[in-house]
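K.L.:
For the protein sequence lines, the chains are A and B, in the order given. Numbering-wise, the numbering used here puts 83 at position 90 of the first sequence, and it's gapless, one number per residue. Numbering-wise, the numbering used here puts 50 at position 41 of the second sequence, and it's gapless, one number per residue.
Mixed in with the good hints there might be a few duds.
Keeping only pairs whose Cα atoms sit at most 25 angstroms apart, straight-line, the calculated DSS-like set for lysine-lysine is [said to hold, decoys possible]:
hint: 1; chain 1: A; residue 1: Lys61; chain 2: B; residue 2: Lys53
hint: 2; chain 1: A; residue 1: Lys94; chain 2: B; residue 2: Lys71
hint: 3; chain 1: B; residue 1: Lys53; chain 2: A; residue 2: Lys64
hint: 4; chain 1: B; residue 1: Lys53; chain 2: B; residue 2: Lys24
hint: 5; chain 1: A; residue 1: Lys104; chain 2: A; residue 2: Lys94
hint: 6; chain 1: B; residue 1: Lys87; chain 2: A; residue 2: Lys94
hint: 7; chain 1: A; residue 1: Lys(-2); chain 2: B; residue 2: Lys53
hint: 8; chain 1: A; residue 1: Lys94; chain 2: A; residue 2: Lys(-2)
hint: 9; chain 1: A; residue 1: Lys47; chain 2: A; residue 2: Lys104
hint: 10; chain 1: B; residue 1: Lys80; chain 2: A; residue 2: Lys94
hint: 11; chain 1: A; residue 1: Lys30; chain 2: B; residue 2: Lys53
Label-pair restraints from in silico Cβ distances [as the list claims (entries may be wrong)]:
hint: 12; chain 1: B; residue 1: Met106; chain 2: A; residue 2: Ser44; range: 16 to 22 angstroms
hint: 13; chain 1: A; residue 1: Tyr32; chain 2: B; residue 2: Pro17; range: 18 to 24 angstroms
hint: 14; chain 1: A; residue 1: Tyr88; chain 2: B; residue 2: Arg25; range: 33 to 39 angstroms
hint: 15; chain 1: B; residue 1: Pro17; chain 2: A; residue 2: Ser3; range: 28 to 34 angstroms
hint: 16; chain 1: A; residue 1: Glu35; chain 2: B; residue 2: Gly62; range: 37 to 43 angstroms
hint: 17; chain 1: B; residue 1: Gln59; chain 2: A; residue 2: Asp52; range: 18 to 24 angstroms
hint: 18; chain 1: B; residue 1: Gln59; chain 2: A; residue 2: Gln(-5); range: 43 to 49 angstroms
hint: 19; chain 1: B; residue 1: Leu93; chain 2: A; residue 2: Arg54; range: 37 to 43 angstroms
hint: 20; chain 1: A; residue 1: Ala107; chain 2: B; residue 2: Gln59; range: 41 to 47 angstroms
hint: 21; chain 1: B; residue 1: Glu94; chain 2: A; residue 2: Tyr32; range: 23 to 29 angstroms
hint: 22; chain 1: B; residue 1: Glu23; chain 2: A; residue 2: Met22; range: 40 to 46 angstroms
hint: 23; chain 1: B; residue 1: Asn60; chain 2: A; residue 2: Ala107; range: 29 to 35 angstroms
Don't read these hints as lab results, they were simulated from the structure. In this text the structure is predicted, and so the values were computed from the model without any measurement. Backbone N, C-alpha and C fix where the C-beta goes; we use that ideal spot for every residue, glycine too.
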Amino acid sequence: DQQVKQNSPSLSVQEGRISILNCDYTNSMFDYFLWYKKYPAEGPTFLISISSIKDKNEDGRFTVFLNKSAKHLSLHIVPSQPGDSAVYFCAAETYTSGTYKYIFGTGTRLKVLA
Amino acid sequence: EAGVAQSPRYKIIEKRQSVAFWCNPISGHATLYWYQQILGQGPKLLIQFQNNGVVDDSQLPKDRFSAERLKGVDSTLKIQPAKLEDSAVYLCASSRMGEFNEQYFGPGTRLTVT
Chain A
-6 DQQVKQNSPS LSVQEGRISI LNCDYTNSMF DYFLWYKKYP AEGPTFLISI SSIKDKNEDG
54 RFTVFLNKSA KHLSLHIVPS QPGDSAVYFC AAETYTSGTY KYIFGTGTRL KVLA
Chain B
10 EAGVAQSPRY KIIEKRQSVA FWCNPISGHA TLYWYQQILG QGPKLLIQFQ NNGVVDDSQL
70 PKDRFSAERL KGVDSTLKIQ PAKLEDSAVY LCASSRMGEF NEQYFGPGTR LTVT
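Using the sequences and the accompanying hints, generate a full structural model.
P.N.:
Pasting the structure below:
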């Protein structure tokens, strides 16, 4: 049962344009979400996060939007740069059995074309 | 500061053989995580340590997987015997005590079971 879903396995965008990566979740108890970026042969690195008390969080070129009623979040990258080409994972934080853990989506491979 | 170190980076073994992975977390990080990332999927938490104690191993296949973190620093993850479906990237991450949202990942070990 995939509780965090990224339905687009890949996305190609022209340099300078906006990249929009989407993520859906099924558990309304999730209240903290994160985006990680992963380059080949490297571990994921934290990009941006959002708490369920907000509907938007911005950090430079990266903005994450959260729509709790739709159980949907999106990552916007503006403007996109070739160095943004990577796999992006969204993750939901959950607290069960006395500990926190992440549930990751399957990832979206972003390719920014020069 | 030095990042999370993992070795080996790549390993190829035959099914039914055993294999071990090593992780050295960031200095001062009390919490250590092992994730399994199968191709096309997001990372899945296998086990979480707080110092040298296990906090969560609910998704660890205990009939073949084992992990330890002696002295609360380095950790090893072992698979014995390996199956074809164990082919994956094994990621180690660490965080400071109480800073669950600040997980830093190592580069991973890519395991191929033939």
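K.L.:
Does each hint hold? Answer for all of them.
P.N.:
How the hints compare with the structure:
1. Restraint check for Lys61(A) and Lys53(B): satisfied, since their Cα atoms lie roughly 24 angstroms apart, inside the 25 angstroms limit.
2. Proximity of Lys94(A) to Lys71(B) is assessed by CA-CA distance (about 19 angstroms); at most 25 angstroms being required, the pair is judged to hold.
3. Between the alpha carbons of Lys53(B) and Lys64(A) the distance comes to roughly 21 angstroms, so the proposed pair stays at or under 25 angstroms and holds.
4. A distance of roughly 22 angstroms separates the Cα atoms of Lys53(B) and Lys24(B); the hinted pair therefore holds under the 25 angstroms criterion.
5. For a cut-off of 25 angstroms, the pair hint linking Lys104(A) to Lys94(A) is broken: about 29 angstroms separates their Cα positions.
6. For the suggested pair Lys87(B) and Lys94(A), the alpha carbons sit about 22 angstroms apart, so the restraint of at most 25 angstroms is met.
7. Restraint check for Lys(-2)(A) and Lys53(B): satisfied, since their Cα atoms lie roughly 14 angstroms apart, inside the 25 angstroms limit.
8. Restraint check: the Cα-Cα separation between Lys94(A) and Lys(-2)(A) comes to about 16 angstroms, which is no more than 25 angstroms; the hinted pair holds.
9. Distance hint between Lys47(A) and Lys104(A) is unfulfilled; the C-alpha atoms sit about 29 angstroms from each other, more than 25 angstroms.
10. Distance hint between Lys80(B) and Lys94(A) is fulfilled; the C-alpha atoms sit about 23 angstroms from each other, no more than 25 angstroms.
11. Pair hint Lys30(A) plus Lys53(B) holds up; C-alpha atoms about 16 angstroms apart against a cutoff of 25 angstroms.
12. Checked against the hint of 16 to 22 angstroms, the pair Met106(B) and Ser44(A) passes, with Cβ atoms roughly 21 angstroms apart.
13. As the Cβ distance of Tyr32(A) to Pro17(B) is approximately 19 angstroms, the hint placing it in 18 to 24 angstroms holds.
14. At roughly 38 angstroms, the beta-carbon separation of Tyr88(A) and Arg25(B) lies within the given 33 to 39 angstroms, and the hint holds.
15. For Pro17(B) and Ser3(A), the Cβ-Cβ distance of about 29 angstroms falls inside the hinted range of 28 to 34 angstroms, so the restraint holds.
16. About 29 angstroms separates the C-beta atoms of Glu35(A) and Gly62(B), a value inconsistent with the hinted range of 37 to 43 angstroms.
17. Distance hint check for Gln59(B) and Asp52(A): the Cβ-Cβ separation is about 29 angstroms, which falls outside the suggested range of 18 to 24 angstroms.
18. Checked against the hint of 43 to 49 angstroms, the C-beta distance between Gln59(B) and Gln(-5)(A) comes to roughly 28 angstroms, which is inconsistent with it.
19. Our hint of 37 to 43 angstroms for Leu93(B) and Arg54(A) holds, since their Cβ atoms are close to 41 angstroms apart.
20. The supplied range of 41 to 47 angstroms is met by Ala107(A) and Gln59(B), whose beta-carbon atoms lie about 45 angstroms from each other.
21. Between Glu94(B) and Tyr32(A) the Cβ separation comes to about 26 angstroms, which falls inside the hinted range of 23 to 29 angstroms.
22. For Glu23(B) and Met22(A), the hinted distance range of 40 to 46 angstroms is satisfied, since their beta carbons lie about 43 angstroms from each other.
23. Remark: the range hint 29 to 35 angstroms for Asn60(B) to Ala107(A) is contradicted by a beta-carbon distance near 47 angstroms.
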